[in-house]
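**Q** The primary structure of each chain is shown beneath.
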Amino acid sequence: MKSGPGLHLKTFSLILIMVLFGPLGDVLLSKGMKDLGKIPNWSLPELAHMFVVVFSSPMIWLGISCLLGFFIAYTLVLSWADYSFVQPSSSFAYGIVALLGHFLLGEKISPLRWAGILVICCGVLIVGHTQPRTTEHR
Amino acid sequence: MLVEVVLIFFIVVAGTGGELCLTRAMKTIGEVHDFRPRALLHVFTRALRVGWMWIAILLMATGFFSLLGMLSLENVSFVVPVTALSYAAGAYGGSLFLGERVTRQRWLGVLLVCIGVTMVWKGRG
Chain W
949 MKSGPGLHLK TFSLILIMVL FGPLGDVLLS KGMKDLGKIP NWSLPELAHM FVVVFSSPMI
1009 WLGISCLLGF FIAYTLVLSW ADYSFVQPSS SFAYGIVALL GHFLLGEKIS PLRWAGILVI
1069 CCGVLIVGHT QPRTTEHR
Chain F
64 MLVEVVLIFF IVVAGTGGEL CLTRAMKTIG EVHDFRPRAL LHVFTRALRV GWMWIAILLM
124 ATGFFSLLGM LSLENVSFVV PVTALSYAAG AYGGSLFLGE RVTRQRWLGV LLVCIGVTMV
184 WKGRG
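So the protein sequences, as listed, match chains W and F. Here the numbering used here = 1-based position in the first sequence + 948. Here the numbering used here = 1-based position in the second sequence + 63.
Any given hint might turn out to be false.
To be verified - On the chain F side, residues computed to face chain W include the following (Cβ under 10 Å):
#1 Val139
#2 Val165
#3 Thr166
Unchecked claim - Pairs of lysine to any residue, SDA-like flavour, derived with a Cα cap of 20 Å:
#4 F:Lys185 to W:Leu984
#5 F:Lys185 to W:Leu1047
#6 W:Lys986 to F:Leu65
#7 F:Lys185 to F:Arg167
#8 W:Lys1056 to F:Lys185
By construction, these hints were calculated from the structure, which means they are not laboratory data. All residues carry an ideal CB built from backbone N, CA and C; glycine is no exception.
Isolated chain W (complex conformation) (with noise of 0.2 Å):
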């Protein structure tokens, strides 16, 4: 990837949206799936109705927007950067959903909760930096 400031801002502006929106989008189905309560039964007739219910809430095609806006970020990116520079921000997104959880959702998130979501931090970060590629390239 050729390096310079517009390619800079282009991939760092990108790979923000990602790392906001993905979690935004999964904090948005989480409200949207609390509004409509649980499911009271995991009956066939039960889960029909809900499947309903779920795509009749605006909460839920916002959660569904944002994560098409984080998909369609990453699409975008990796058509110029590398997959071993942008996998590894996916990394933060776990950091950050647990933020938005705790701040806007008003979750109680306990101290061993925060310490093992920063270790999956550090194990995505260490998948991130391995080779992207092991098999023969056809």
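Here the structure of chain W is known, so what remains is to put chain F in place on it, guided by the hints.
**A** Quick look at chain F alone, frame taken from chain W:
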């Protein structure tokens, strides 16, 4: 508890299975060099003619609906970090299904993810 474990299983296994099938479908098509909209549309229509792509869509949809079910039961700050288990499933599935060589460093990362998920699980409510 059983419902939650089953849902996490579907999120991780169906989600990762879907991504592996997507990878196999895209490998069948070959590397994309032309990123102009018309060329991308052509790639998209070709992808839809590959059987693996439809299996991928089915599995990823299963993973998505399981995620919605799980989010109705648990906090998002619990559910999303636990889905990081897909890195373990991906590493295992990639080596088994796609013949990828998983390095020691990648296994170390996967091990850390698993330890982190265990801590998140233990740190529930």
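**Q** Flag every earlier hint the structure violates by its number, smallest first.
**A** Per hint list: 4, 7 violated.
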